[in-house]
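Chains H and P, in that order, give the protein sequences.
For the first sequence, my numbering assigns the number 1 to the initial residue and increments by one for each residue that follows.
For the second sequence, my numbering assigns the number 1001 to the initial residue and increments by one for each residue that follows.
Some clues are possibly wrong.
[Said to hold, decoys possible] Using C-beta positions, here's what the derived DEER-type ranges look like:
no.	chain 1	residue 1	chain 2	residue 2	range
1	H	19	P	1033	44 to 54 Å
2	H	153	P	1121	43 to 53 Å
3	H	19	P	1287	47 to 57 Å
4	H	80	P	1237	22 to 32 Å
5	H	19	P	1296	47 to 57 Å
6	H	95	P	1287	31 to 41 Å
7	P	1211	H	92	46 to 56 Å
[To be verified] Pairs of lysine-lysine, DSS-like flavour, derived with a Cα cap of 27 Å:
no.	chain 1	residue 1	chain 2	residue 2
8	P	1201	P	1134
9	H	3	P	1134
10	P	1202	H	252
11	H	3	H	219
12	P	1201	H	252
13	H	247	H	138
14	H	247	P	1134
15	H	249	H	138
16	H	24	H	247
17	P	1201	P	1225
18	P	1209	P	1225
19	P	1225	P	1202
20	P	1082	P	1098
21	H	252	H	138
22	H	249	H	24
23	H	252	H	24
24	H	252	P	1134
25	P	1134	H	249
Read the hints as simulated data drawn from the structure, not as lab findings.
C-beta atoms are modelled at their ideal positions from N, C-alpha and C, and glycine is treated no differently.
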Amino acid sequence: MRKLVWFLPALFIILFSFFAPAAKQDLSQAFCAISSQNILGCSPLGESLFGQLIAGLGETSLIAMSGRLLSLLFAICSLTIVFFAKQGGMYSLFQRLAEALLTIPSLLLALAFQSTMGGGAVAMIAAIAVSEWAVNHKWLQTRLEYYNRETFMAAAIVFGANFWLRLRLHLMPHLWHDIIFLFFTFLPGSFLTVSALEFLGFSIGSHRDGLGYLVAANKDYIFSHPHLAAAPAITLVLLILYFTGIKNKFFKAPS
Amino acid sequence: MSRIFLFIWRRTLSWIILAAILTGLSLLLQTSRQGSAALQLAGQRASEAEIELLRRETGENQSFLQQYLTTLRNNLTFQFGKSIRHEEILPLLLRAGKITLIISSLTALLSLIYGSLLALLAALYPTLRTLLEKIHYAVMAIPVFVLAISFIWIFSLWLNLFPPGGASASGWFLLPAVAMSLKSGTRLALFISEFFEREEKKHYARTLKAFGISRLRLYIVHLMKNIALPSLSYWLVDFSSYLAGAAIVETIFALPGLGSLLINALLQYDSNLISATLVFSAFFVFLTSIVSEALQVWFAKFSTEGSEL
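Using the sequences plus the hints, can you model the full thing?
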């Protein structure tokens, strides 16, 4: 119940911000001051900054979360292959691939992947997923090997539990906890990668701008209108702090 | 001697496999991408014949396997060939790598100083430990580009202490390095602090306390020596995050480092340069992992847990 109280408002805000109408451009309102109609003032193109923040919040959150989910899905798939392959060629192929990808900073990998696939939400989600796959794969594989060595697994084998039973009753409940923990542990990192990509100019091509893009676009006016760049930056920091708080409160590291 | 030879042989083999995978991945990404270097160079008004000529020049008319083998040979011998602008890639990489290395090394040094001091303070004054955790969460939540822009605003535009960008003088690297080291330093401080807490509970530390050793001496002379190995390993492992951070700060501070080089290469469809930059960056990280392993062996001699008493 406590989890629900923490999660539901966040889910509501993110979904609302994603479906909220985009802020309209009105050049006559460029750099307008803070008023009751424009709570945070206006952008250089006369859009309501508050409206832009709401849209950016939804954009950045959904891209980061989808990328994170997809990367975990990739890791689960590769782990399944590794699990069945045991020590064969596929096993060492995934090992080598994960090691190779771990040597490249995830942002550089995401940059390379994003530019290959071109603009668009799918490209950015895939870039996040690919750049974070190696860490997830390595983590889950280590955990799987750890559980396989545990005495309860040995006992299950001795008592005649078949492979599927062991997987369903003994491995999955433990791994499920690891997967949820992994999702929330690296989610702030995904927010940082998405915002960094947006900041470097790799947008998803829709009429909404992510929080990173808003910082990049408004940084030129930092001397005359510092709040234009500060507001999206603070929103981004609060978003990351919120999810870090959720992770620390509800998801402890597996022993 | 044979162990050293075996170590070098294993690491060389790992590097060859790593380079082969990275070359394959970067080429695969480039070939599956819309557009090409030839189209980029030729421009919109070029004829089919001109594009074909450029495709031959850039090697894009070759099969994937041919391209892969040529690029892999170049990457393994560190020759790298030429970019689509007919520039030798190796000097380009060395020039950019030098800048990234300066920023990364300065970041590493600053984070080590800042992290160790912060951890020592938190250990000496336990009330600061909770504060350190809070600072850690706050700093980790701030994207590096926000830190960099804030620093430009404060130190360049407002206080006029540093120039906002450029790479003509080494002193100009300080601002990007400080922006990056703030995150890694805080991370290191928390890491060292955790180890201090664990070491403090061990028998040798308790015995030293019982003999009336001062807290400062206990931490600096005894505990620091024993946690140096894991801290240094962590510090070196964190090196790859400096490379990622460098890509962002280089863009903000207009520094022509490896990150900027990669972004430009991606925009120009320069597959040779992309592959070379990725392999070169991976080589940096690979080297640090070897240094980390060597340090572990070297430092193991100096670990004094229990032996001094």
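Hints, verified against the model:
1. 19/H <-> 1033/P: 44 to 54 Å: 32 Å, violated
2. 153/H <-> 1121/P: 43 to 53 Å: 45 Å, holds
3. 19/H <-> 1287/P: 47 to 57 Å: 49 Å, holds
4. 80/H <-> 1237/P: 22 to 32 Å: 28 Å, holds
5. 19/H <-> 1296/P: 47 to 57 Å: Holds, at about 53 Å.
6. 95/H <-> 1287/P: 31 to 41 Å: Check failed, 21 Å falls outside 31 to 41 Å.
7. 1211/P <-> 92/H: 46 to 56 Å: 53 Å, holds
8. 1201/P <-> 1134/P: 24 Å, holds
9. 3/H <-> 1134/P: 22 Å, holds
10. 1202/P <-> 252/H: 25 Å, holds
11. 3/H <-> 219/H: Violated: residue 3/H and residue 219/H sit about 37 Å apart, past 27 Å.
12. 1201/P <-> 252/H: Holds, at about 23 Å.
13. 247/H <-> 138/H: Measuring from Cα to Cα gives roughly 21 Å; hence the hint holds.
14. 247/H <-> 1134/P: OK: residue 247/H and residue 1134/P at ~14 Å, within 27 Å.
15. 249/H <-> 138/H: Given pair residue 249/H, residue 138/H holds - Cα atoms ~25 Å apart, limit 27 Å.
16. 24/H <-> 247/H: Violated, at about 36 Å.
17. 1201/P <-> 1225/P: Judged against 27 Å, a Cα distance of about 16 Å means the pair holds.
18. 1209/P <-> 1225/P: Cα-Cα ~16 Å, so holds.
19. 1225/P <-> 1202/P: 14 Å, holds
20. 1082/P <-> 1098/P: 19 Å, holds
21. 252/H <-> 138/H: 19 Å, holds
22. 249/H <-> 24/H: 39 Å, violated
23. 252/H <-> 24/H: 43 Å, violated
24. 252/H <-> 1134/P: It holds: about 17 Å lies between the C-alpha atoms, which stays within 27 Å.
25. 1134/P <-> 249/H: Holds, at roughly 14 Å.
Hint compliance for this structure: hints 1, 6, 11, 16, 22, 23 are broken, all remaining hints hold.
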